[in-house]
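Visitor: Those protein sequence lines, which keep their order, are chains A and B. So the mapping is simple: this note's numbering equals the position in the first sequence, first residue as 1, plus 273. So the mapping is simple: this note's numbering equals the position in the second sequence, first residue as 1, plus 273.
Calculated from the structure, these hints are not laboratory results. Errors might be hidden in some of the hints.
[What the hints assert, rightly or not] Pairs of lysine to any residue residues, derived as SDA-like cross-links and limited to a Cα-Cα distance of at most 20 Å, are as follows:
(1) Lys556/A x Arg312/B
(2) Lys556/B x Lys556/A
(3) Lys777/B x Gln472/B
Each chain, letter by letter, is given below.
There are 2 protein chains.
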Amino acid sequence: MTQNDSNILSLFLEQIKQMKSYEEALGVLYWDLRTGAPRKGMEVRSEVIGNLSAQLFKLSTAPELGEWLTELEKPAVYAELSEINQRLVTETRKEYDRSIKIPPKLHQEYVVLTSQAESLWEEAKEKNDYASFELYLDKIITYSNQFIDLWGVKEGSRYDTLLDAYEPGMTTAELDKVFGGLREKLVPLSAAIAASPHQPKTDFLKQTYAKEAQKSFSLFILKQMGFDFAAGRLDESAHPFATGLNPGDVRITTRYLIDDVVSALFGTIHEGGHALYEQNISKDLIGTTLATGTSMGIHESQSRFWENVIGRSKPFWNRYYKDLQQHFPNQLEIPVEDFYRATNVVQPSLIRIEADELTYNLHIIIRYEIEKLIFNEGVKASELPALWNEKYKEYLGVEPENDSEGVLQDVHWSGGAFGYFPSYSLGNMYAAQITNTLETELPNFWELVEEGNLLPIKEWLTEKVYQYGKLRTPSELIIAITGKPLDPDHLVAYLEKKYKDIYKL
Amino acid sequence: MTQNDSNILSLFLEQIKQMKSYEEALGVLYWDLRTGAPRKGMEVRSEVIGNLSAQLFKLSTAPELGEWLTELEKPAVYAELSEINQRLVTETRKEYDRSIKIPPKLHQEYVVLTSQAESLWEEAKEKNDYASFELYLDKIITYSNQFIDLWGVKEGSRYDTLLDAYEPGMTTAELDKVFGGLREKLVPLSAAIAASPHQPKTDFLKQTYAKEAQKSFSLFILKQMGFDFAAGRLDESAHPFATGLNPGDVRITTRYLIDDVVSALFGTIHEGGHALYEQNISKDLIGTTLATGTSMGIHESQSRFWENVIGRSKPFWNRYYKDLQQHFPNQLEIPVEDFYRATNVVQPSLIRIEADELTYNLHIIIRYEIEKLIFNEGVKASELPALWNEKYKEYLGVEPENDSEGVLQDVHWSGGAFGYFPSYSLGNMYAAQITNTLETELPNFWELVEEGNLLPIKEWLTEKVYQYGKLRTPSELIIAITGKPLDPDHLVAYLEKKYKDIYKL
Numbered sequence: 274m275t276q277n278d279s280n281i282l283s284l285f286l287e288q289i290k291q292m293k294s295y296e297e298a299l300g301v302l303y304w305d306l307r308t309g310a311p312r313k314g315m316e317v318r319s320e321v322i323g324n325l326s327a328q329l330f331k332l333s334t335a336p337e338l339g340e341w342l343t344e345l346e347k348p349a350v351y352a353e354l355s356e357i358n359q360r361l362v363t364e365t366r367k368e369y370d371r372s373i374k375i376p377p378k379l380h381q382e383y384v385v386l387t388s389q390a391e392s393l394w395e396e397a398k399e400k401n402d403y404a405s406f407e408l409y410l411d412k413i414i415t416y417s418n419q420f421i422d423l424w425g426v427k428e429g430s431r432y433d434t435l436l437d438a439y440e441p442g443m444t445t446a447e448l449d450k451v452f453g454g455l456r457e458k459l460v461p462l463s464a465a466i467a468a469s470p471h472q473p474k475t476d477f478l479k480q481t482y483a484k485e486a487q488k489s490f491s492l493f494i495l496k497q498m499g500f501d502f503a504a505g506r507l508d509e510s511a512h513p514f515a516t517g518l519n520p521g522d523v524r525i526t527t528r529y530l531i532d533d534v535v536s537a538l539f540g541t542i543h544e545g546g547h548a549l550y551e552q553n554i555s556k557d558l559i560g561t562t563l564a565t566g567t568s569m570g571i572h573e574s575q576s577r578f579w580e581n582v583i584g585r586s587k588p589f590w591n592r593y594y595k596d597l598q599q600h601f602p603n604q605l606e607i608p609v610e611d612f613y614r615a616t617n618v619v620q621p622s623l624i625r626i627e628a629d630e631l632t633y634n635l636h637i638i639i640r641y642e643i644e645k646l647i648f649n650e651g652v653k654a655s656e657l658p659a660l661w662n663e664k665y666k667e668y669l670g671v672e673p674e675n676d677s678e679g680v681l682q683d684v685h686w687s688g689g690a691f692g693y694f695p696s697y698s699l700g701n702m703y704a705a706q707i708t709n710t711l712e713t714e715l716p717n718f719w720e721l722v723e724e725g726n727l728l729p730i731k732e733w734l735t736e737k738v739y740q741y742g743k744l745r746t747p748s749e750l751i752i753a754i755t756g757k758p759l760d761p762d763h764l765v766a767y768l769e770k771k772y773k774d775i776y777k778l
Numbered sequence: 274m275t276q277n278d279s280n281i282l283s284l285f286l287e288q289i290k291q292m293k294s295y296e297e298a299l300g301v302l303y304w305d306l307r308t309g310a311p312r313k314g315m316e317v318r319s320e321v322i323g324n325l326s327a328q329l330f331k332l333s334t335a336p337e338l339g340e341w342l343t344e345l346e347k348p349a350v351y352a353e354l355s356e357i358n359q360r361l362v363t364e365t366r367k368e369y370d371r372s373i374k375i376p377p378k379l380h381q382e383y384v385v386l387t388s389q390a391e392s393l394w395e396e397a398k399e400k401n402d403y404a405s406f407e408l409y410l411d412k413i414i415t416y417s418n419q420f421i422d423l424w425g426v427k428e429g430s431r432y433d434t435l436l437d438a439y440e441p442g443m444t445t446a447e448l449d450k451v452f453g454g455l456r457e458k459l460v461p462l463s464a465a466i467a468a469s470p471h472q473p474k475t476d477f478l479k480q481t482y483a484k485e486a487q488k489s490f491s492l493f494i495l496k497q498m499g500f501d502f503a504a505g506r507l508d509e510s511a512h513p514f515a516t517g518l519n520p521g522d523v524r525i526t527t528r529y530l531i532d533d534v535v536s537a538l539f540g541t542i543h544e545g546g547h548a549l550y551e552q553n554i555s556k557d558l559i560g561t562t563l564a565t566g567t568s569m570g571i572h573e574s575q576s577r578f579w580e581n582v583i584g585r586s587k588p589f590w591n592r593y594y595k596d597l598q599q600h601f602p603n604q605l606e607i608p609v610e611d612f613y614r615a616t617n618v619v620q621p622s623l624i625r626i627e628a629d630e631l632t633y634n635l636h637i638i639i640r641y642e643i644e645k646l647i648f649n650e651g652v653k654a655s656e657l658p659a660l661w662n663e664k665y666k667e668y669l670g671v672e673p674e675n676d677s678e679g680v681l682q683d684v685h686w687s688g689g690a691f692g693y694f695p696s697y698s699l700g701n702m703y704a705a706q707i708t709n710t711l712e713t714e715l716p717n718f719w720e721l722v723e724e725g726n727l728l729p730i731k732e733w734l735t736e737k738v739y740q741y742g743k744l745r746t747p748s749e750l751i752i753a754i755t756g757k758p759l760d761p762d763h764l765v766a767y768l769e770k771k772y773k774d775i776y777k778l
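Next comes chain A alone, as it looks inside the complex (with noise of 0.2 Å):
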């Protein structure tokens, strides 16, 4: 590598250090906001974001950044670099094509009109009134397809280009394939489920369980996995969520609901997977923008492996249900397998966020399959109501009776993140597909769990998963670890051996 060139690399990597140094302070300050800052401060601390955001936009828009990347991409130069720093390249040009090709002025109106629409959302889904709403909807939808053209669209389906942002290379031809198959499966299975006699009784759930008393079995819950903490904390907040400032810095919330023994266990847990993905990121990618999660889908299938695979298993609980019953004396008599059934009841619903483990893919598919013909057949949001309500008496057999349950339920679509909802589900079948390789590799597997013994579990995914950060993609990951690209016959064999020996089918 000539001096020069050398040059250009110092510059290049101390312009990504300066990026990261604004994520990591932007994700301070987002992380404070939703735990306890002082309301009357808001005003003056969203000045305080957008000014630090706006600098970061300007650093990762920098005109020589982009010629730093052109000398960097020259084949006799970028041969000569690390694995690291080839990807960091690649990954910084696909951001900064991104970004340099919206007009400054339209990101501008676009951020002014998701965040008054984000109010408007809310207000909307509490009075149920979605007329209110819709032109708002319909003009996130008319930029979203500005944003598409200017992005440029490959192969036909205009999506796909939003889809990329969230899953990179994900395309609608793969997710009509395996969310056909997925729904093929899902639907007779989660009637059979409806009609089995054998219904778990949950009723116990729900009592007065001491707050204290789950923090302590959440606390407790989040050792056993192996989360960090000298390297992360366990705050609370209104929506759960896990933020990785950097390796060392990683925080997760829970909220804790006294009427309910699981729900924010299984909360903890979810974001807890989260965390452990963040917090086991390789040492050589911190100060770059790989040492992140490589996608929403393969961040989900983490989440949800500790919190489903793992966390709503009979092995686990056959460990664990002492402990719980010890944090709550008197009130949880009746036996394991009853209470490992009750936190795996199957109902179909009309709300996304409190469905079971099988009925949840069905609310993504819903989604996904709208946003589809939004931005691929031009349907309007005036059209999204009816569509919605059909679909939902379709898949899931249940009928919104207002659009509160409905259409409006998620605040997604009021920030414009369309192509979002699809990671959901694939987490769910990335978290199968790695089960399924996990319970080869580590044979043993179903007997550590049922011993407590849950870091070499942790181990196995730092060695598979979580070191590696953005320097490999989702599919290059899955085909690594599995041997194969994703396949949601895992998914289905799953929740088929799951359900049909608990609703004994």
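Following the hints, complete the assembly by docking chain B onto the known chain A.
Guide: Only chain B this time, still in chain A's reference frame:
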């Protein structure tokens, strides 16, 4: 004002707002570091802080900022500015000139040196090894002398240039006068107290006092003072502090000692006093660098007013003692008079931060006299331990057994904060002088305290002090409130009255 000047004013105000955004973001990051940020994230976080600080320094020393100032300072332009903008120009000019006079390389060397020295000081203090620290202290003194040369010296006293950074306009000449007056009265008063046969009993203060009850009582008192919990919060940290991020977000911390019933309480009231100042700065100053306390001395006057004048007064405990007793059933069965006297024990001691309200000032005077010798007489680091011990013997009648409890006890010098110490006693003097006026202007002042009606006192201070932020200088403020400049006699009179009663002199 011409269109051009009006544009310049906008650019200037926008730059100030940007600087303020960085200050606020850094404020949140520091608060976070001190209230529970995970240890393993610190290294990366330090870099983030370094990058943001560098950006702030760049904004504060931007050549265009200098050009805008020059234009706005032209008499015809300046005359047309609002009062706030005039003061903003003056303040910014002062900071700007201080900053640009230091060559960036020198500034960076100094930042590295003092950050090393702080760690070294900590080690030296722990190991009682002044020799290992002496070389660094000499270096820091040399840098400070270079800064004095670069900043310039007015009227002969080199130390004045350092004082001005913490207490604008304060001089050695004035401090010699006020501290002289103070020392002359306090040394004999302290001796008379020590000789009194009427020493308060204090053993009952030291029992096990449950942390939760201490916290609940501290929160109760903060509410009584008018601390706005929608514009602030109370957390825990190893060293209590207050930080005003913006007037709508002012955070304080405390540290609960379970074997001491008043330590955390008086700490909380102290920081609460700082917080009332920051929460009640006028909305008109938000987004400008004037939205903060006008000087360290005035800030300290407010924390000490609430902690000592109010919190350690008899009327206060006549009102609140029964609440304290209720928080600790069966633990405080002594009369209120004894409790009041116990919280006001005077005892000459070696450690400043543990000193009582009276002898505290002698600790400060010793540091002041030593700092003057360093910068005005060229005294070297090697001479400080002996000097320190002599002065402790002379003023307080006690002598350190080693340097850890002597010259090594405070962090300030390792960070180069020469000129800071006087603020603490200035705070006591300002507080006493303001109290004197308060007693006249709110004639039922002590009755209000005895009734637990503290809000009118907060309102009076808001009107006289808090609302102005940095819009008035300390001396403008004290003259506007009390009709005369700083006068140590008020503190002397206050202390004599209080302690002659307590010790029956």
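Visitor: Could you work out which of the previously given hints the structure breaks and list their numbers from low to high?
Guide: 2
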